[in-house]
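Same order as they appear, the protein sequences are chains X and P.
Numbering-wise, my numbering comes out as the position in the first sequence, counting from 1, plus 182.
Numbering-wise, my numbering comes out as the position in the second sequence, counting from 1, plus 2.
Hint data in this document are derived by calculation from the structure and do not stem from the laboratory.
Predicted model, so just to flag it, every value in this text is computed and none were measured.
Just so it is clear, CB atoms sit at the ideal spot from N, CA and C, and this is done for glycine as well.
There are no misleading hints in this set.
With the Cβ distance kept under 7 Å, some of the chain P side facing chain X (calculated, not the full set):
hint, residue
1, 49
2, 212
3, 216
4, 220
5, 234
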Amino acid sequence: MRLPLLALLARGPAHGYELKQDLEQLLGSAYPQPNVGQIYVTLGRLEKSGLIEGEDVAQSSRPNKKVYHLTDAGREALRAWFEEPEDEPRVRDEFFMKLALAPQTGLAEQITLINQQRRQYLNTMRQMSKLAAAEDRDNRIAHLLIEGAMLHLQADLDWLERCQEELEELE
Amino acid sequence: MSDERPAPVLRAEGLVKTHHGEGAPAHAVRGVDLCVRQGEFVAITGPSGAGKSTLLHLLGGLQRPDAGHLWLDGEPTDTYGEARWAVERRKRIGIVFQFFNLVSNLSVADNVELPALLAGTPPKQARTEREALLAELGLTGKERSMPGELSGGEQQRVALARALVNHPPLLLADEPAGSLDSKGTREVMRLLSRFHQRGQTIVLVTHDARLASAADRVISFFDGKIADDAALDGGTTPPRRSGISGVLELKD
Numbered sequence: 183m184r185l186p187l188l189a190l191l192a193r194g195p196a197h198g199y200e201l202k203q204d205l206e207q208l209l210g211s212a213y214p215q216p217n218v219g220q221i222y223v224t225l226g227r228l229e230k231s232g233l234i235e236g237e238d239v240a241q242s243s244r245p246n247k248k249v250y251h252l253t254d255a256g257r258e259a260l261r262a263w264f265e266e267p268e269d270e271p272r273v274r275d276e277f278f279m280k281l282a283l284a285p286q287t288g289l290a291e292q293i294t295l296i297n298q299q300r301r302q303y304l305n306t307m308r309q310m311s312k313l314a315a316a317e318d319r320d321n322r323i324a325h326l327l328i329e330g331a332m333l334h335l336q337a338d339l340d341w342l343e344r345c346q347e348e349l350e351e352l353e
Numbered sequence: 003m004s005d006e007r008p009a010p011v012l013r014a015e016g017l018v019k020t021h022h023g024e025g026a027p028a029h030a031v032r033g034v035d036l037c038v039r040q041g042e043f044v045a046i047t048g049p050s051g052a053g054k055s056t057l058l059h060l061l062g063g064l065q066r067p068d069a070g071h072l073w074l075d076g077e078p079t080d081t082y083g084e085a086r087w088a089v090e091r092r093k094r095i096g097i098v099f100q101f102f103n104l105v106s107n108l109s110v111a112d113n114v115e116l117p118a119l120l121a122g123t124p125p126k127q128a129r130t131e132r133e134a135l136l137a138e139l140g141l142t143g144k145e146r147s148m149p150g151e152l153s154g155g156e157q158q159r160v161a162l163a164r165a166l167v168n169h170p171p172l173l174l175a176d177e178p179a180g181s182l183d184s185k186g187t188r189e190v191m192r193l194l195s196r197f198h199q200r201g202q203t204i205v206l207v208t209h210d211a212r213l214a215s216a217a218d219r220v221i222s223f224f225d226g227k228i229a230d231d232a233a234l235d236g237g238t239t240p241p242r243r244s245g246i247s248g249v250l251e252l253k254d
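All chains should be modelled from the sequences, with the hints used to inform the complete structure.
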């Protein structure tokens, strides 16, 4: 959450609740709604590490709100964020361990494990499809997020298929 | 109560099909039992070469099984010949294929109307049906186009209109998005879901899990046999621990 918040502040000063709304609007309903408390905590930490600065703004009928802006150090941190590629996603290693170890335990069948895992992925895939159908058609970023998640699942499903082909031959 | 239920739209028992080509015989379908009820949307997935297209061809009478039986609406099809199957494919079974199989020298309008006319629908009604379907599929204005002038996604929508013009109780789809880009895939997925919501029974063969997830039942097909047959409940039960939020979550 730290760097996305910095990135939103690169556009101009904003207060916590505004940032929450910006994030929701940008990422759409598929993204788990950020908790406003979590946002305030993160903003506090960012301020402590000197990446942003807050300024109290008086409001007539309500308590002061704190408007944050990016510091030079914050801008630098953001630049460094953009400069680095991210780690690649990892294979579902817990499932892989089950698959690899099942035969010697005599407690589970590999094919049963694969089928069970496939059902789980397919159900999630179906939920994604529903989310995609419900999402505002014009929110490209939100659709790309869902599509990315679906493509990852597709890859996991393809891999399950490979496991099944390979292991059924052994039977 | 179970006696009250209508006969399944489609029932298969012990279907077997072996292809005798040049090399060793290919056991495409090795004993398949299947029951598809009215209003179901069933996806059959599996790796290429698993025999899923052969299975679909058997279900649509495009190929005959070496062994086993098939019932349409409770009626045995064992005695059906080529001509009878052709009639069934006009009236009771609509089919869409990966490569659309439109008649290239007929206009879009004629491609859609032809099966209606062949099924004995009066020309005026065939036209009304065609107009309604093309409008529904976002193809109004393309009536006079020839298939070759359309994009792949548009051609598949014409093929869908053609398959549905006679209101068949059963729609079979063989890799309908297999030659489409991801936008076309989403379009096909949306349309199949929409027709399904209105009660259309669909059997879809696909290797694309995204497309399969539009169905409410997914059959995994491996090496000529059904490896798993799962009802998808997506949306009716809340996702467990990881599930959807785990997949979408952006980490701190």
